[in-house]
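**Q** This is what each chain is made of:
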Amino acid sequence: MTKEQALYNYCVRLGDNALVQSYRLSEWCSNAPILEEDLALTNMALDMTGRAQLLLQYAGKVAGHGKTADDMAYRRAEREYRNDLISELPDADFAFTMVRQMLVSTFECFLYAALVSSSDKEIAAIAAKAVKEARYHMAHTSEWVIRLGDGTEESNRRAQSALNILWSYTGGLFETTDADALLLSEGMAADVSQIKTKWQENIEAILREAKLILPADDYQQTGGRQGLHTEYLGHMLTEMQYLHRTYPEAIW
Amino acid sequence: MTNEVDFPSWEVFTQVKPGANYVHAGAIHAADKKMALQNARDTYTRRGEGTSIWVVPSESIVASNPGDKEMLFDPSNDKIYRLPTFYTMPEGAKAI
Amino acid sequence: MMEHNENTAVQEVALSAFDYKMENDQAIEPRDEMPEGYRKHLIRQMSQHAHSEVIGMQPEGNWITRAPSLRAKQILLAKIQDECGHGLYLYSAAETLGISRSEMIAQLHSGKAKYSSVFNYPTLNWADVGAIGWLVDGAAIVNQVSLQRTSYGPYSRAMVRICKEESFHQRQGYEIMANMMRGTADQREMAQDAMNRWWWPSLMMFGPHDSSSPHTGDAFKWKIKRQSNDELRAKFIDKTVQQAEVIGLTIPDPELKWNEEKGHYDHGPINWAEFQRVIGGHGPCNTQRIAHHKKTHENGAWVRAAAAAYSAKQKSIA
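Chains as they are written, first to last, in this note's numbering: chain A, 123 to 374; chain B, 245 to 340; chain C, 11 to 328.
With the rest of the complex left out, here is chain A (with noise of 0.2 angstroms):
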């Protein structure tokens, strides 16, 4: 594998992420439990669209190949895409989309974080741009699960359950390849090994505050890097790519 190859791959995941996380965020749209969270939902999932369009930018530009990033979202299938398995998963409640972005954010804290003095100048300057956005959602999701988990017997069960499903998706965010230790090397990639400490002791005090137990069933569920998805990503690509499949000449 070429360093181009890798780089490529690392973008086309990250933007992935953002692509997958934007479009179950915007689901929300019109369906939040108060107008002021609608906003603040929709606020998120404009940051992941524009996020998800630097990204798969990007990675077109990397690979030479003159793709555009509608062409990376619009025109690939599930097997191609390598986001993470966590953000794809269909959103059962408020409890649910509140706590994935919480333990997805502030992955992202820490990866954005540290992506910010990677030797590729074009990926610090999208990280810098991203750790910003990152910890907006980390404090305003955080909060929404401190608020769940303590507040009444129904919002801590569901809260409850949400964290019971998620959690044996998280360490998809920690997976590595080969890729990834190429880039490693040249400095251009972050060391997730180095985030996942700081990652679980930062969650680990949200739940306690939040009244939240971790699981017990440590099972990790994992295959986004190879494009091993769960059933959900297919439904929501065919109806994300619903005008570019069925008028493939158009422009929009």
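Hints are supplied without guarantee of correctness; some may be wrong.
Not close to chain C: a few residues of chain A, all C-beta gaps over 10 angstroms, as computed [claimed, not checked]:
#, residue
1, Ser-148
2, Glu-159
3, Ala-174
4, Ser-239
5, Glu-244
6, Gly-273
7, Ser-277
8, Gly-293
9, Tyr-354
Derived contacts from chain B toward chain A, CB cut-off under 7 angstroms, selection only [unchecked claim]:
#, residue
10, Ile-272
11, Lys-278
12, Gln-282
13, Asn-283
14, Asp-286
15, Thr-287
Below are the BS3-like pairs computed for lysine-lysine, each with C-alpha atoms no more than 30 angstroms apart in a straight line [to be verified]:
#, chain 1, residue 1, chain 2, residue 2
16, C, Lys-31, B, Lys-277
17, C, Lys-174, C, Lys-50
18, B, Lys-278, C, Lys-325
19, B, Lys-323, C, Lys-31
20, C, Lys-174, A, Lys-254
No lab work stands behind these hints, which were simulated from the structure alone. Built from N, CA and C at the ideal position, the CB exists for glycine as well.
With chain A fixed as given, assemble chains B and C onto it according to the hints.
**A** Showing chains B and C alone in chain A's frame:
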């Protein structure tokens, strides 16, 4: 459902740029202070309109009574000696 | 007895202050005395306006997950988010009149409060997103610009902010239509189809003709409304016809023609029977729109209860 109580209302004041006055932007609902700040941010600073935000519980705003307008504000109208233009300066004096 | 007389006197003074402000085009503020009819009229109009913004999120929201490019998705999300914000500004402004947001929502669910009937039509292809921005928002803006001068201060201030933010809505819709008219035959067909379905409902948004909705109503007397339905409708038609021509769309009205004498376009008859039918509940999406709003509100109840409970616990600790 119909007798559900709303989250408290908060008045939002935003500062457009550092050093500027905080200006009333509108109101939002929120259950607590942290939520109030974030809801204000997500609602009223979506177009780069803020560098800082104040939120104040709406019930804490004390407003003057419109009926007291004359009593409160008219007496200051004739105190024009509070304005610099009231004074005649000698011709030729600079930087005053 | 004595007390009663004094109260009456205070009431009279206060009401004449209201009349004085009306005559001198001064804004009415929440703490001002105001006639009960004025307050009721405003609550009705402002809550209807707020509900329209929020219900209006649904037809466009129908296309968020299917937006055909990342750019299109961002624009659409930002636009629908604005509608949400505008609903919020208007609910807040209406709350200054002594009604709560949950009371207004309860009135929407019971059918006591209405929302703009145009949102009872479905969005069936991507061009509908363009048509809503260009035509529906275009019509709304004509009305909203006029409302910036409405007599109630909080309503007027909300409208100023809303108009400022909405200025991109119509442009993005028109851009979608223009792009599709420059595109494939399928795209042009979709654009014209959307035009055909949204033109007449957009004209209906201005309400009945002046002949059946006289200038002399309370809304004019109280300076809540500043221009008549037909005046505003004519404004909208005049600017939109030219825009349609530029991109090659046909307006689905064979009787549409310029009237030199009036300085406005003449248009064919509006189907008021359809208008009344849809307002009365029998439009393509009435049931769906309210059911969606109710479901969302009910699904959110446990979240709101949780936040309230958490806040109460924090206060009891402190």
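**Q** Against this structure, judge whether each hint is valid.
**A** Hints, verified against the model:
Its beta-carbon lying about 5 angstroms from the closest one in chain C, Ser-148(A) breaks the requirement of being farther than 10 angstroms from that chain. Consistency note on Glu-159(A): stated as away from chain C, yet its beta-carbon is not over 10 angstroms from all of that chain's, at 8 angstroms minimum. Not every CB of chain C lies more than 10 angstroms from the CB of Ala-174(A), the least distance being 6 angstroms, so the non-interface label is violated. The claim that Ser-239(A) lies off the interface holds: its Cβ sits roughly 27 angstroms from the closest Cβ of chain C, which is beyond the 10 angstroms cut-off.
Every beta carbon of chain C lies more than 10 angstroms from that of Glu-244(A), the smallest distance being close to 18 angstroms; the non-interface claim holds. Once the 10 angstroms rule is applied to beta carbons, Gly-273(A) is inconsistent with being away from chain C; the minimum gap is 3 angstroms. The claim that Ser-277(A) is not at the interface with chain C is violated, since a C-beta of that chain comes within 10 angstroms of its own (minimum 3 angstroms). No beta-carbon of chain C is positioned within 10 angstroms of the beta-carbon of Gly-293(A); the least distance is around 28 angstroms.
Consistency note on Tyr-354(A): stated as away from chain C, and its beta-carbon is indeed over 10 angstroms from all of that chain's, at 13 angstroms minimum. Hint status for Ile-272(B): holds, given a least beta-carbon distance of 6 angstroms to chain A, under 7 angstroms. Because the beta carbon of Lys-278(B) sits about 5 angstroms from the nearest beta carbon in chain A, less than 7 angstroms, this interface hint is met. With 7 angstroms as the threshold, the beta carbon of Gln-282(B) comes within range of chain A, its nearest partner Cβ sitting at about 6 angstroms, so the hint holds.
Proximity of Asn-283(B) to chain A holds as hinted, the smallest CB-CB distance being about 4 angstroms (cut-off 7 angstroms). Below 7 angstroms, beta-carbon pairs count as interface contacts, and Asp-286(B) has one with chain A at about 4 angstroms; its hint therefore holds. Hint on Thr-287(B) holds. Least Cβ distance to chain A is approximately 5 angstroms, under the 7 angstroms limit. Simply put, Lys-31(C) and Lys-277(B) have alpha-carbon atoms about 37 angstroms apart, too far for the 30 angstroms limit, and the pair is violated.
A threshold of 30 angstroms between alpha carbons decides the hint, and for Lys-174(C) with Lys-50(C) the separation of about 27 angstroms falls inside it, so the pair holds. The straight-line distance between the Cα atoms of Lys-278(B) and Lys-325(C) is roughly 13 angstroms, inside the 30 angstroms bound, and the hint therefore holds. Taking the CA atoms of Lys-323(B) and Lys-31(C), the gap is near 26 angstroms; set against the 30 angstroms cutoff, the hint holds. Pair hint Lys-174(C) plus Lys-254(A) holds up; C-alpha atoms about 27 angstroms apart against a cutoff of 30 angstroms.
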